[in-house]
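Take these sequences, add in the hints, and give me the full structure.
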Amino acid sequence: MSRLEILKTYKIYIGGQFPRTESGRFYSPLDKKGKPLGNICLSSRKDVRNAIVAARKAFGSWSERAAFNRGQILYRIAEMLEGRKEQFIAELIQQGSTKKNAEEEVNLSIERTVYYAGWCDKYQQVLSSVNPVASSHFNFSVLEPTGVVGILAPQNTSLIGLVSIMLPVICGGNTCVVIASENLPLCAVTFAEVLNSSDVPGGVVNILTGTNKELNETLSTHMDVNAIVYGGDDLEALKQIQENSVLNVKRVFSYSKDWNKADSQDLYMISDTQEIKTTWHPIENIGGSSSSY
Amino acid sequence: MATKKKNTEHVSDWNYSPSLESTSHLNLKKRYDLFIDGKWVKPSSGVYFKTINPANEEILAEVAHGNQDDVDKAVKAARKAYTDVWSIMPPAERAKYIFRIARLMQERARELAVAETLDAGKTIRESRDIDVPLACNYFFYYAGWADKLEYAFPNRKVESLGVAGQIIPWNFPLLMAAWKIAPALATGNTVVLKPAETTPLTALILAEIIEESGLPAGVVNIVTGHGDTGAAIVNHPDIDKIAFTGSTNVGKIIQKALAGTSKKLTLELGGKSANIIFDDAPIDQAVEGIVNGIFFNQGHVCCAGSRLYVQESVADLVIQKLKSRMDSLYLGNPLDKNTDIGAINSKEQLETIHKYIKIGKQEGAEMYQPKCSIPTKGFYCAPTLFINVAQSSVIAQEEIFGPVLTIQTFRTVDEVIQKANNSPFGLAAGVWTDKGSRIFNLSSKLRAGVIWANTYNKFDPTSPFGGYKESGFGREGGLHGLNSYVKLS
Amino acid sequence: MKNKLVKKEIIHPDNIYSPSIDKVGVEERVARFQSRSIKNESKLQGLKIALNMIDLTTLEGKDTPGKVKQMCYKALHLHDVHPNLPSVAAVCVYPSMVRIAKNEVKGTGVKVASVSTAFPSGQAPLDVKIRDTQFALDEGADEIDMVISRGKFLSGEYNFVFDEIAKIKETCGKARLKVILETGELATLDNVRKASDIAIYAGADFIKTSTGKIQPAATMQVTYTMLMAVKDYYDKTGIMIGMKPAGGISTSKLALHNLVMVKEILGNAWLTNEWFRFGASSLANDILMQIMKMETGVYQSSDYFSID
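Line order of the protein sequences matches chains W, H and C. So the first sequence is residues 1 to 293, counted in my numbering. So the second sequence is residues 1 to 489, counted in my numbering. So the third sequence is residues 1 to 308, counted in my numbering.
Bear in mind the hints are in silico, worked out from the structure with no lab data behind them. Even glycine gets a Cβ: it sits at the ideal position worked out from N, Cα and C. Treat the hints loosely; a few may be bogus.
[To be verified] Taking beta-carbon pairs under 10 Å as the criterion, some of the chain W residues facing chain H (in silico):
id : residue
1  : V133
2  : S135
3  : G147
4  : M223
5  : Q240
6  : V246
7  : N248
8  : K250
9  : V252
10 : D258
11 : D266
12 : E275
13 : I276
14 : K277
This is how it looks when you write it as C-alpha cells:
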C-alpha cells in the first residue's frame with residue numbers, strides 16, 4: 001500500500017529562522033507543464049526589512065571572524081550540498097531541467113562552493129598592498145567587506161546562479177539578503193536549509209522568495225544596504241535599482257555570465273564587494289637627528 | 001651688584017615682518033580659452049567668467065565658459081586621440097609622456113604654487129610644500145605604471161576604458177587634476193577635465209604644460225565652466241568613465257544620471273571624519289594632528305578631522321592645549337610665507353560656514369575662536385571650536401567644509417567606535433593612542449577608507465584614497481587607483 | 001619677575017605626568033617652525049636678541065686663565081666696529097676658572113655660569129657633586145650648570161635623579177640652577193620629556209639640553225620637547241622655567257628658528273636671556289656676520305671677526 005507523502009512547506013529564511021512570510025501571502029509558479037511547483041512565500045516589504053535587520057546584526061561577527069573560519073564554514077556548505085545532492089537534482093528536474101543538466105548544475109555548485117571556500121583566507125593576500133609612501137610612515141591597504149549586500153539572483157537558474165553570485169559576497173565577510181529566482185525558487189529554499197545546517201551563523205545569508213519587482217524596490221531603496229549585486233538580465237530593472245541606489249550611494253554590480261560554465265567564477269567577484277582601507281602610522285626613526293640640522 | 005650696562009634686551013613684541021611670496025614670475029593671461037584637441041579655442045557661446053582672488057576679491061583673469069557644444073568638441077577630440085594615438089601607443093611611450101609632464105610641472109612649480117594661492121586662497125606654504133610637489137609626484141608615480149599594468153591585476157588582461165570625463169573640486173585644484181589625469185593617462189585613457197569654476201587657473205597652466213610636453217593633441221582636454229559644463233560631460237553619450245570629486249549631493253546626481261548606462265563611475269564625496277584622542281596618546285602631537293586635521297587648507301578638505309572625540313580623562317587638557325595652539329596660528333594674506341590660515345575659497349562658501357557657526361551657537365555649544373584680526377577685504381573665517389557638542393547636533397553631523405571643529409567626549413573604546421561610525425559618511429578617521437593593539441582594533445572597526453593612526457591628513461601617490469558609504473566609491477592613488485580606469489577580461 | 005616668587009610645590013617624581021612623544025609628529029612640528037620666514041626688521045631684531053642670549057662657553061681640559069680671559073673680553077666686546085650691539089648673557093666655564101672669569105666681567109652685567117657635579121659625566125658621589133657646586137659658588141658663580149646622572153636615569157632610578165637635583169638646588173641657594181639632561185645619551189624623546197619634568201619638579205630654574213661633549217646635542221626636536229615641558233609646567237603652576245639649548249647651534253638661521261619656536265610655544269615673555277639661552281661658542285660670530293651683512297648689504301668674511 002502506498003504511503004501518503006508529506007509535502008514540503010516552502011519557507012523563507014531570515015536570521016537563521018524559517019518563517020512563513022509575515023504577509024501570509026503565497027504564489028504558485030508553474031513548471032513547464034503548467035503544473036504548480038508549490039505554494040511559495042510571496043515575501044513582503046516587511047520581510048525584506050526584517051532580513052536586512054538580520055543581515056546587519058550578523059555583519060559584525062561574520063566580518064570579524066577569522067578568514068580561516070569563514071573558509072571552514074564554506075567548505076561545510078559544500079559538504080552539506082553533497083549530502084543533499086539528490087534532493088537538488090530532483091528539484092531541478094521538477095523545475096524543468098534534464099537529469100544530466102541537473103546533475104551537472106548541482107556538481108558545479110558544489111565545486112564552486114569549494115572554490116570560494118578556498119579563497120576565504122587568500123584574496124586578502126593577493127589584493128592587499130604595502131604602500132611605499134615618501135614620508136616616515138608605514139602605510140598599508142587591506143580589503144574590508146562593504147557591509148550588507150542585496151543580491152538579486154539570476155532568474156534563469158534555480159541553484160547555480162544563486163550560489164555563484166552569493167558565495168563571493170559572503171566569502172569576503174559581507175552578509176546578504178538574497179531574492180531568489182522568481183519562477184525557479186525551489187532550490188533557493190532548499191539551499192537555505194543547507195546553510196542552516198552548515199554552521200553559517202543566522203543572518204549571514206537571508207533568502208526571500210517572491211515577485212522581484214516588489215522586492216527589488218525595497219532592497220535597493222533601503223538605507224542600510226551598502227551594495228547591490230544584480231544577477232538578472234532586465235536592463236530596465238537594473239536601471240531602476242541603480243537610480244534607487246543613489247539614496248545612500250550604494251555600490252551596484254551586475255553580472256551577466258553563463259553560470260553553468262566552469263570558469264564563471266573569480267577573485268574579482270570577491271573584490272567587487274570589498275572596500276579598500278588604507279592605514280597610516282608613523283615610523284619612529286631612532287638613531288640621531290634626521291632633520292636638516 | 002652694580003650694573004654698568006643693562007644686559008637684558010627686553011623684548012615684548014618680536015613679530016614676523018611680512019614675507020610675501022613674489023608674484024612677478026607668474027604671467028597670468030587676461031583671458032583663458034578652452035584647451036581642446038591641443039589648441040586653445042574660444043567658447044562657442046563667447047561667454048567668459050571671471051575668477052577672483054578670494055584673499056582680496058581682485059579679478060585674476062577671465063575664463064571661458066564651455067557649453068555642451070564645447071564639451072562635445074572635447075569628447076570628439078578625446079575619442080579621436082584615443083582611437084588613433086593613445087590607445088595604440090606602446091605603454092612605455094605613454095609612460096615617458098607622463099614623466100615629461102611631471103618634470104615640466106616641477107620646473108614651473110613656483111609659478112603653479114603662486115597661481116594656486118592666488119586663485120584658491122590657500123596659503124603659499126601649503127601650495128608650495130604640499131599641493132604642487134604632491135601633484136608632480138602623482139604624475140611621476142603613475143608614469144611608471146603605464147607599462148606594468150598586468151602586474152596590478154593578477155591573471156587578467158587589462159584594457160583601457162576610452163574617454164574619461166573628470167570633474168574636480170576647488171579645494172585642491174591642481175592636486176585633484178593630477179589625481180584624475182595621471183592614472184587615466186597611465187592606463188591608456190584620454191581625458192576631458194573640468195576644473196571648478198572658482199579655481200580654474202592651475203588646470204589651465206597645466207594645459208600649457210601639457211601643450212609644451214608635446215602630448216598628442218586631444219589626449220587631455222580642459223574645459224572650464226560651471227555646473228552645466230559638468231553636466232554636459234556627465235551626460236555625454238560617448239564618455240566611458242566619469243570620475244568626480246566633490247559634494248555628496250552632486251555625486252548623487254551624477255550617480256543617478258549614469259543609471260542604466262555602461263559608464264564606469266568613481267565618486268570621491270563628502271565626509272565628517274572622526275579624530276579620536278585616547279588618554280594615553282602622545283598628547284602634543286595629537287593636538288598638532290587635530291590642528292592639521294581641521295585647519296589644513298582652511299578646513300576645505302573632504303577628509304578633514306571635523307568631529308573630534310576626546311577621552312574624558314584628558315578632555316580638559318586637550319582643549320586647553322588646543323586653544324593655546326590655535327592662538328599661535330597666523331591668519332591672513334595667503335601669499336605671506338608665515339600665514340597658517342588663508343582665505344575661504346569663495347563668498348558662497350564663507351556664507352555656508354557662517355550659517356553653520358550660527359547653527360552651532362543656536363544649538364548651545366560653547367564656541368571658541370582665537371583673537372585674530374580678520375582682513376577687511378577678502379573671505380576669511382577664524383579657526384573655530386565648538387565644545388560640548390552632542391552627537392545629535394547638526395554641526396556634528398553635516399559637512400561644513402571650513403575651519404570649524406566640534407568636540408565631543410567619550411569614555412570607552414566601544415562607545416567611541418560606535419559614535420565614530422554613527423554617520424552616513426566614511427571617508428577617513430584619526431586615532432591617537434600609544435597602545436598598538438588598540439590602534440589595530442580601531443583601524444579595523446572604523447568604517448572609513450583611510451585611517452590615520454597617530455597622524456592626520458597625510459597623502460601620497462602610492463596610498464589609495466577613497467571612502468565607504470556616502471563618501472563615495474572607488475579609490476584614487478596607489479595600485480588600487482588603477483582599477484578605476486581599466487576593464488579586466 | 002613675580003613668577004619667581006611662587007614657591008614650587010614638591011611632587012614625588014612618580015606622580016609627574018609626562019605625556020608620551022611621537023617622534024615623527026615632533027619632526028613635522030619642527031619643520032613648521034623651520035618654514036617660518038624671518039626677514040628684514042624682524043630678522044635684525046631676532047639676531048640681536050639671539051646674540052644677547054648666548055652663554056659664551058669654554059669647557060676644555062686645556063682651559064687656562066689666559067684662554068678664559070680672552071673669552072671674557074670677547075663677551076664684552078663682540079664686535080666693537082658696531083656700536084649698538086648687546087653683549088652676551090654669560091660666560092660659562094669650569095669651577096676652577098670661575099674666579100678668573102668673575103674678575104673679567106665684574107660689573108658688566110654679564111654673568112658667570114659654572115658647570116658642576118662632575119661635569120660632563122656626572123659619575124661622582126653626591127657629596128663630591130655638592131662640594132663641586134659649593135666651590136663654584138664660593139668662587140663667585142652666578143649660575144650653576146649641573147648634569148644629571150644619566151646612568152641612573154636609564155636604569156630607571158628616577159627618584160635618585162630627582163633627589164640629586166633637589167640637593168644641588170638646595171646648595172645653590174640664590175644662584176640659578178641649570179640642569180643639563182645630556183639628551184644625546186637619553187636616546188628617546190620620551191626620555192627627554194621625562195627627564196625635563198623630573199628636573200623641573202626637582203627645582204631646576206633652567207633646563208639645558210647638553211654638555212656639548214656628546215652628539216647629537218641641541219636638535220630642534222629635543223629643544224621642542226623640552227619647551228613643551230616648560231609650557232606644561234607654566235600652564236599648570238604659573239611658574240616660568242628657563243631653557244638652554246647647548247651644542248650644535250652654530251648658525252644664525254638655526255638660532256632664529258629656535259627663537260621662532262620659543263615665541264610660538266611660550267610667547268614673547270621668554271624671549272629674553274633671563275628665560276632663554278644658547279650654549280654656544282661659534283654662534284656669536286655667525287650672528288655678527290649676519291647683522292653686518294644686513295646693515296652693509298654685502299656678505300661678510302670671518303677674517304673680519306675676532307675668534308676669541
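Structure-based check of each hint:
no.	hint	in the structure
1	V133	4 Å, holds
2	S135	6 Å, holds
3	G147	8 Å, holds
4	M223	8 Å, holds
5	Q240	8 Å, holds
6	V246	5 Å, holds
7	N248	6 Å, holds
8	K250	9 Å, holds
9	V252	8 Å, holds
10	D258	15 Å, violated
11	D266	8 Å, holds
12	E275	5 Å, holds
13	I276	5 Å, holds
14	K277	6 Å, holds
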